[in-house]
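Using the sequences plus the hints, can you model the full thing?
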Amino acid sequence: MAKEGKIVKVSGPLVEALGMQEAKMYDVVKVGEQRLIGEIIRLSGERAYIQVYEETEGLGPGDPVFLTGEPLVVELGPGLLDSIYDGIQRPLGRIREEIGDYIGRGLTIHALPRKKKWNFKPLVKKGELVKEGDILGKVEETPLIEHRVLVPPGINGKVESIKGGSFTIEEEIAKIEKRPIRMLSRWPVRNPRPFKERLAPVVPLVTGQRIIDSLFPVAKGGTACIPGPFGSGKTVVLHEIAKWANSQIIVYTGCGERGNEMADVLLEFPKLKDPKSGRPLTERTILIANTSNMPVAAREASIYTGITIGEYYRDMGYDVALMADSTSRWAEALREISGRMEEMPGEEGYPAYLGTRVASFYERAGRVINLGSKGVEGSLSVIGAVSPPGGDLTDPVVQQTLRVAKVFWGLDDRLAYQRHFPAINWLSSYSLHLRNIEQYLKREINEEFPKLREMAIEILQREAEVLEIVRLVGMETISKEDQLLLEVARSLREDFLHQNAFDEKDAYTTLPKQYQMLRFILLSHDLFRGLLNKGIELKRILTLPIREKIARIKYVPEENLREFDQLEEELRREVKGLK
Amino acid sequence: MIRKEYRSVAEVNGPLMFIEGTSGIKYGELAEIVLPTGKTRRAKVLEVEEDKVLLQLFEGTSGINLYQARVKFEGRGLEFGVSLDLLGRIFDGLGRPLDKGPQIIAEKKVDINGSPINPTARDYPSEFIQTGISAIDGLNSLVRGQKLPIFSGSGLPHNRLTAQIARQSKVLGKEERFGIVFAAMGITFEEADYFISDFKRTGAIERSVLFINLSNDPAIERIATPRMALTVAEYLAFEKDMHILVILTDITHYAEALREISAARNEVPGRRGYPSYLYTDLATIFERAGRIKGKKGSITQMPILSMPEDDKTHPIPDLTGYITEGQIILSRSLHHRGIYPPVDILPSLSRLRDKGIGKEKTREDHPDLASQLFAAYAKGKEAKELAVVLGEASLSDLDRLYLKFSEGFERRFISQLEDEGRDIAETLDIGWSLLKSLPKTELKRIREEYLEKYL
Ligand SMILES: Nc1ncnc2c1ncn2[C@@H]1O[C@H](COP(=O)(O)OP(=O)(O)OP(=O)(O)O)[C@@H](O)[C@H]1O
Ligand SMILES: [Mg+2]
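Order-wise, the sequence lines are chains A and B.
Here our numbering is used: position 262 in the first sequence is 263, and no number is missing along the way.
Here our numbering is used: position 95 in the second sequence is 99, and no number is missing along the way.
Any given hint could turn out to be false.
[What the hints assert, rightly or not] Below, in silico cross-link-like pairs of lysine-lysine (DSBU-like), each with a Cα-Cα straight-line distance of 30 angstroms or less:
1) A:Lys-272 with B:Lys-178
2) B:Lys-300 with A:Lys-506
3) A:Lys-540 with B:Lys-440
4) A:Lys-506 with B:Lys-365
5) B:Lys-440 with A:Lys-274
6) A:Lys-7 with A:Lys-31
7) B:Lys-448 with A:Lys-577
8) B:Lys-383 with A:Lys-550
9) B:Lys-440 with A:Lys-555
10) B:Lys-300 with B:Lys-174
11) B:Lys-297 with A:Lys-116
12) A:Lys-555 with B:Lys-444
13) A:Lys-272 with B:Lys-299
14) B:Lys-448 with A:Lys-244
15) B:Lys-365 with A:Lys-272
None of these hints come from the bench; they were simulated from the model.
Next comes the structure, spelled out in structure tokens:
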């Protein structure tokens, strides 16, 4: 039986080998004497096409290829949180400890530490009947997150033994129907993890970013994309969401982007505290970093590594949010490999299967009931940055993404040039989750929140129309109502939508405060309009002292939202005073 | 080790060469082609298939005869010998001395491709570099370890600006070992000479290493030039504790050389004929900037690229912008109006600015002030556009104030002399004095306390 093939061709990250009759599609192979990790991506006769996840310099015809017979998997178990991995789940922190500051080749370091002992607390008893997906017991993975050890998919039956205590992830903690259960499990990254039922998302993923939460919200278990030209603010938005989103687990995938951005997360997150527990945010975060200068094939794998880990925590009943920055770099990796295999190129050289790959990635998001018997609910939200050439939205990756992502935050370079951040264009962006979360907002925040949103959007749309007219014929012909509207719209933009991620006080706003801010600006519009109707001069209205306070409502402290009541009183008093 | 030698060149095509009947050749390996004259050329293995090898020549293929050329394989990649003796020396694009200096005794030989820095080993760049140029220091501040390119166009003064930055840059309150690694790719003799003379005039040449590939040198050689330069930079920064400024000029010529190879290989072209791996290729150059934890030195990169037709969406500036940490864009219209340096403020950006400025770094009011200046200048430019269409009379009072602000801003803030180094306090104070012309209620981006203190 041939367990070993021979290289016949090397071209960049693509290696072709003969003598591979035993190989299966998507099997992992070890390439060359250094045993570089590769994956079979096409078979033709006894020839296998292999994408190699490490730099291929020094490989040549005649070098061996070893079959493993296994697909590309991730290791799952306690120890994932607070880690940083490369695209195929090699632990970058421990790699550095072993070989230094630069990334080498042919390393085999386990993703999860083998020696560390975890304190396992059983939650079922010997003799109980359990089903795949049921929770067997728990481990405190970090002070912030309890790791729930599940009955692996495909295993059902009686618990023959189970013990609490201190174990490594490879030690047996239970036996079900003669099958030993350990904390460590594996899952092939290209297969979605199974669940019982999929539910419509109904709860917002609160990000603390006003334009997102109030105008274009994404629901837990939903999908969002954020395309934009370079420097328009994709990464900052994703970082802000990773910091502030109210999901319990964050998987941040840096896919073909900058090394310094990963360093930023690594240095910044430990300093940020979870508002509820005061624990560092790293304790809920997993980073996948395959930067632009790291091997391109591992970039292709990185988003699957990330999303499989996300699904694993979802199955435990957590709300997970995954960010991928940038899916364009992933698509380009796909294109590069496809080009080297001389596949028929589609649009812009991307392979014809780009659309299905994009769709099947986003389809792994969702709010689901897990396989177990207890109806445990979890969610996985997916947010992808897209980096189209020249910011052009007709780019195939953008177009394929728009077909599947339910929320679109379109970044606008003109806004970025004015340093209006987040530079999300309020006219072109949309959210298909508005209906889903309407009930939640009405119930939890305020009955009129959804209506305020509609009003705000209307004002912003009207502003664009009026400005168009101003550009053609100047300000004089504009009615007083519209002039007032322009001022209110400006206030919406500058005092509400504009949000500085680098300002401690401004970086995060709760939903109740967002509601208050929006309400206050719109209320002032109503009252000022009343004054106009009474024939009061616009100039006098616009110079009311309260207007300066409106400009600073961002800085009303979260702990003292009562201040809005006082502001409202002041507003009404001044309005009355003008009569 | 017996080096393998072949006489079986089957085809030469542009910068590429095919050899048959080979065995044991590895991908990426270096080859040496020996011509009948005894002269040698260097080449790299681009692809190996069974007993065939595809080579890319660094020095071009002109004059090569299929039946006379001998090809020797070296069993290793292209390397460059590093040593402190490199300082003060000038090399060609492939690392051969161009000056008459003594032979260099290498401390060691290093593969010019380098290896990716482990992201966990990176230290975040946060030390403000004062370039003395207001448009940069005030609004698009450069920090140590950043990669900040200059996007320019033909005829714009990017060389003068870069030379000025190289002359004036310093880190406040520190006396450290500072050096320049300069890589010229496809620029003219005159341009290269401008830098060399300037480095000589200021004495910077003593702490510089220069690699010069001129426009009439083989284009393909350029593929190796930035990698040679960065190999030296890494050695000086991370082994010899120096703070290195790497100037790479012109990235556009580099990318064109890459396109030439891709076309010769008949690869499926990406946008405008550039190979679809241009992003990844450029990233392996630009990502070699940075800081490493526990190391004293740093690599700051300032690549210069000329935008074909001043078009920022052209693949070269576009992909560069996607990799670098911001960009300084030069504007033809400011240049025509005699403003030096003609930095186009609004589309320029330094992504690492916010980590390098503010309290205890530059001055507490710096971030707010910068944000306000951007916003106000953007409004002023909008007002200007409106005035062009409808006449100044149609502007509101406020718009007119903004218009005036932006004119003053260009004249007093952006514009400065070529030998004028402003310290950061001076830059910020000019900013404040300009803001005085706007109503206080407009200054929403600035905290009350700073308004009171500085306005
Ligand atoms: N919310 C924000 N608040 C303040 N500044 C911001 C904000 N968003 C973006 N910026 C500014 O814009 C810069 C660019 O943002 P970012 O790095 O997120 O762009 P990007 O779209 O990810 O670009 P690329 O595609 O090149 O990675 C930031 O460095 C920061 O200066
Ligand atoms: Mg980004």
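Hints, verified against the model:
no., hint, result
1, A:Lys-272 with B:Lys-178, "28 angstroms, holds"
2, B:Lys-300 with A:Lys-506, "34 angstroms, violated"
3, A:Lys-540 with B:Lys-440, "22 angstroms, holds"
4, A:Lys-506 with B:Lys-365, "20 angstroms, holds"
5, B:Lys-440 with A:Lys-274, "39 angstroms, violated"
6, A:Lys-7 with A:Lys-31, "11 angstroms, holds"
7, B:Lys-448 with A:Lys-577, "26 angstroms, holds"
8, B:Lys-383 with A:Lys-550, "22 angstroms, holds"
9, B:Lys-440 with A:Lys-555, "24 angstroms, holds"
10, B:Lys-300 with B:Lys-174, "16 angstroms, holds"
11, B:Lys-297 with A:Lys-116, "27 angstroms, holds"
12, A:Lys-555 with B:Lys-444, "18 angstroms, holds"
13, A:Lys-272 with B:Lys-299, "23 angstroms, holds"
14, B:Lys-448 with A:Lys-244, "26 angstroms, holds"
15, B:Lys-365 with A:Lys-272, "19 angstroms, holds"
Going through the hint list in order, the structure does not satisfy hints 2 and 5.
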